[in-house]
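Respectively, the protein sequence lines represent chains C and L.
All residue numbers for the first sequence refer to full-length UniProt numbering, where the first residue is 1 and numbers rise by one.
All residue numbers for the second sequence refer to full-length UniProt numbering, where the first residue is 1 and numbers rise by one.
Rather than coming from a laboratory, the hints here were simulated on the basis of the structure.
Don't be surprised by glycine CBs; every beta carbon is placed ideally from N, CA and C.
Heads up, some of the hints might be wrong.
Unchecked claim - Once the Cα atoms are required to be at most 30 Å apart in a straight line, the calculated DSS-like pairs of lysine-lysine come out as:
1. K62/C - K63/L
2. K88/L - K268/L
3. K100/L - K88/C
4. K63/C - K62/L
5. K62/C - K302/L
6. K302/C - K312/C
7. K282/L - K100/L
8. K100/C - K63/L
9. K378/C - K312/C
10. K100/L - K62/C
11. K88/C - K63/L
12. K378/C - K268/C
13. K88/L - K100/C
14. K378/L - K63/L
15. K62/L - K62/C
16. K88/C - K268/L
17. K63/C - K302/C
18. K88/L - K63/C
19. K100/L - K63/C
20. K100/L - K63/L
21. K63/L - K275/L
22. K100/L - K312/L
23. K88/L - K62/L
24. K302/L - K268/L
25. K282/L - K378/L
26. K282/C - K62/C
27. K378/L - K63/C
28. K302/C - K282/C
29. K62/C - K88/C
30. K100/C - K62/L
As the list claims (entries may be wrong) - To be clear about the criterion: a stretch of chain L counts as covered by chain C if any three or more of its residues have a C-beta under 8 Å from a C-beta of chain C, and this derived list gives those stretches:
31. 179 to 193
32. 203 to 210
Protein chains: 2
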Amino acid sequence: MAVQTIVAAETNSPAPFGPAVALSCRECGERFPLSPVFACEACFGPLEVAYDLPSGDPEGLKKQIAAGPDNIWRYAPLLPVPADVTTKPNLNPGFTKLVKADNLARELGITGGLHIKDDSGNPTHSFKDRVVAIALEAARTFGLTTLSCSSTGNLAGAVGAAAARAGFRSCVFIPHDLEAGKVVMAAVYGGELVGIEGNYDDVNRFCSELIGDPIGEGWGFVNVNLRPYYGEGSKTLAYEICEQLGWRLPDNLVIPIASGSQLTKIDKGLQELIKLGLVEDKPYKIYGAQAEGCSPVSAAFKAGHDVVRPVKPDTIAKSLAIGNPADGPYVLDIARRTGGAVEDVNDEQIVDAIKLLARTEGIFAETAGGVTVGVLRKLIESGQLDPAAETVVLNTGDGLKTLDAVAPTTGPTATIRPTLDAFRAAGLAGS
Amino acid sequence: MAVQTIVAAETNSPAPFGPAVALSCRECGERFPLSPVFACEACFGPLEVAYDLPSGDPEGLKKQIAAGPDNIWRYAPLLPVPADVTTKPNLNPGFTKLVKADNLARELGITGGLHIKDDSGNPTHSFKDRVVAIALEAARTFGLTTLSCSSTGNLAGAVGAAAARAGFRSCVFIPHDLEAGKVVMAAVYGGELVGIEGNYDDVNRFCSELIGDPIGEGWGFVNVNLRPYYGEGSKTLAYEICEQLGWRLPDNLVIPIASGSQLTKIDKGLQELIKLGLVEDKPYKIYGAQAEGCSPVSAAFKAGHDVVRPVKPDTIAKSLAIGNPADGPYVLDIARRTGGAVEDVNDEQIVDAIKLLARTEGIFAETAGGVTVGVLRKLIESGQLDPAAETVVLNTGDGLKTLDAVAPTTGPTATIRPTLDAFRAAGLAGS
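If we strip away everything but chain C, and leave its shape as in the complex, we get:
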């Protein structure tokens, strides 16, 4: 009797990973059951989620999505999550604004239309909430009880906040010399926050060691053993952009590159939408954006190489400062296949672009947003991106987290005594 009851319950509950059917190796294609692993047993290639997606009724699917919640779970039919995901506690990120940026378009000479996908509107103000939300649901399904990551900022806050809401223990590892503000953001959610005496590479190495040790049992490192699920969160950026454009593909997308995962998953998402018939199949170009001080993918693209030579990062765009980007080669493939490019800008151009975006559209981006907007400007100036085509540029984070980048050059116009004479004397009276 007891056994029968359990079977009935399992039959009634939705598939724990929705339309996802396996993990599949990106290098050799070998398939594995859905579990908390990230590397192919056969060839050590990275694993990604493979789906059996719904097909045959794109209009019905669009209606189903439109009737869903105003967050990433509206796309649950296309994600590795159960259909009842909305009943579980989660930060529910996503469905951030796609801002029509007419002022910025005018400044840059874009005539084909420009939109900013502004992911600073997420709960902890970066796109990391998307990837963590999916990783968290996988952790729940696998019965993991501690949510963890190595991070230098955005991810730490996203993991801490998501774990708090969902009732997970969290334990986040950071370099011990992180800026005080970022430490506060990571610690305020009440989880364990461990400073590691060393740099970000040391933190990563330690995390890999921890996950191989019995101590790590029950731990879900969102960007290690949950990475295949985590990465899928970035697909939702592709879905939202196309839905918010009225189920259309843009001509160009400008996307920042850290590990390169986000860019590859956005391409994956766009390809899915085409296959499902949710958007009309047409060419689109994907452009990758790096900071000059950490531009291994851009360098490889320009040199015509297929491999990415690691660098030691030195840039104010710390959220993009991964010197050995795991998905670099895939990014090169996508940029070349779609007819896009990979470009980089220096720190001064990043700061200028942050201010340009703020001044024209009232959006205060973190340094990563300065990188994408700066690269967009450079791509137009160098003739690599057609200003008569429709472009979407990503802002993946919030300027409040990287105030130091703009602080030295951003201050009061004037400081005066509280009198009209002083105001006039400062030359501020004319409009």
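Place chain L on chain C using the hints.
Below, chain L alone, put in the same frame as chain C:
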């Protein structure tokens, strides 16, 4: 012919203030045409917007709202804006998350249901985007070309960003000794930012002088001559809360008090929804929340006074630090009429409440959110708020803007060398 053309154009364009018909004095009831004025000519009382609201078809109105955009403009039929407001450049704030806070409810012993209206999701991460959005549309209609305010933080950013998007000149006045971070936030949008040698009161006095001078011609001070329109933006919080609850009134609302305007306008919004038949008429209680270091309304409430005696603010909750709150007497009326209360918490309780909210719900609030959550806890403990009733508590801003408040008591759990032995020795291995 020219005249006919102009008349035809005027007839075809929507009413510039939508359903708003006049400014009306809150003290003597005298009515004035809709213009950029804020005080009654007869009695010097504050003016507010009076409406001829749509009536007779609540279900039709609900459908119209639901079909609107995911921002405050879905309520355009109830706001002093034209029906085509969505065609104009604006930051389009609002429709922020109403978070079901089961974890926090459990901690506080609330059994009747608890929601957090989390306005940190607005474009510049505070509720000020709502009020500025309406003021901006009024400025556009009146042909004003400079958007201005006096501010100590949130408002400066909201005005700067909104003006940038909408193509207005902006000129914002702040005390000269504001924290560097807040100065950056206010200045990054590229408008004029003027530091005034003096405190916030000196800034305010200077602004009043400026607006009375010919220099001030064409200037819209959102919180002075545009204040009647500006204030209406807070009504949208009432609309959203009730719509997100499924067109229902909550039993209790806990709202922060700075000038008191927000609280009075939320009450106005709830009354409108009842009159329009959008929600069922039932009792609700409104609770005001202050910081102990600036609690003139709470003091008056407790003493049974009708007048509010000004104080000199001394609290970490700087966004609520108005020592002489203009709407204080109206707040007292509303708290007493609805059976609510006004309560205050000290700085330590504010910090504890910020951390409690972060730890339970993954929401990092600014100090004003610490005030409302702290007051909610105190109201329950003192028996002033029924935990078996359904409560909505407001978070009006973002913790990233007031990091200093929690920084001294928020840091890493441990700092260790990158080895498993060090991890074990730190006592972190057990879950």
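Hints, one by one, checked against the model:
1. K62/C - K63/L: The given pair, whose Cα atoms are some 20 Å apart, holds under the 30 Å limit.
2. K88/L - K268/L: Given pair K88/L, K268/L holds - Cα atoms ~27 Å apart, limit 30 Å.
3. K100/L - K88/C: holds (11 Å)
4. K63/C - K62/L: holds (20 Å)
5. K62/C - K302/L: violated (55 Å)
6. K302/C - K312/C: With Cα atoms ~19 Å apart, K302/C and K312/C stay inside 30 Å; holds.
7. K282/L - K100/L: holds (22 Å)
8. K100/C - K63/L: holds (26 Å)
9. K378/C - K312/C: Status holds; Cα separation ~24 Å.
10. K100/L - K62/C: holds (27 Å)
11. K88/C - K63/L: With Cα atoms ~28 Å apart, K88/C and K63/L stay inside 30 Å; holds.
12. K378/C - K268/C: At roughly 26 Å apart (the allowed maximum being 30 Å), K268/C and K378/C satisfy the hint.
13. K88/L - K100/C: With Cα atoms ~11 Å apart, K88/L and K100/C stay inside 30 Å; holds.
14. K378/L - K63/L: violated (39 Å)
15. K62/L - K62/C: Measuring from Cα to Cα gives roughly 23 Å; hence the hint holds.
16. K88/C - K268/L: The hint is violated at about 35 Å.
17. K63/C - K302/C: violated (43 Å)
18. K88/L - K63/C: holds (28 Å)
19. K100/L - K63/C: Within the cut-off at roughly 26 Å; holds.
20. K100/L - K63/L: Answer holds: K100/L to K63/L is near 24 Å, not above 30 Å.
21. K63/L - K275/L: holds (17 Å)
22. K100/L - K312/L: Not OK: K100/L and K312/L at ~36 Å, beyond 30 Å, violated.
23. K88/L - K62/L: Roughly 24 Å between the alpha carbons, so the hint for K88/L and K62/L holds.
24. K302/L - K268/L: holds (24 Å)
25. K282/L - K378/L: holds (25 Å)
26. K282/C - K62/C: Judged against 30 Å, a Cα distance of about 19 Å means the pair holds.
27. K378/L - K63/C: violated (46 Å)
28. K302/C - K282/C: Between K302/C and K282/C the Cα gap is close to 26 Å, so the pair holds against 30 Å.
29. K62/C - K88/C: holds (24 Å)
30. K100/C - K62/L: holds (27 Å)
31. 179 to 193: holds (count 11)
32. 203 to 210: Since 5 is at least three, the answer is holds.
In terms of the numbered hints stated before, the structure departs from hints 5, 14, 16, 17, 22 and 27, listed from lowest to highest.
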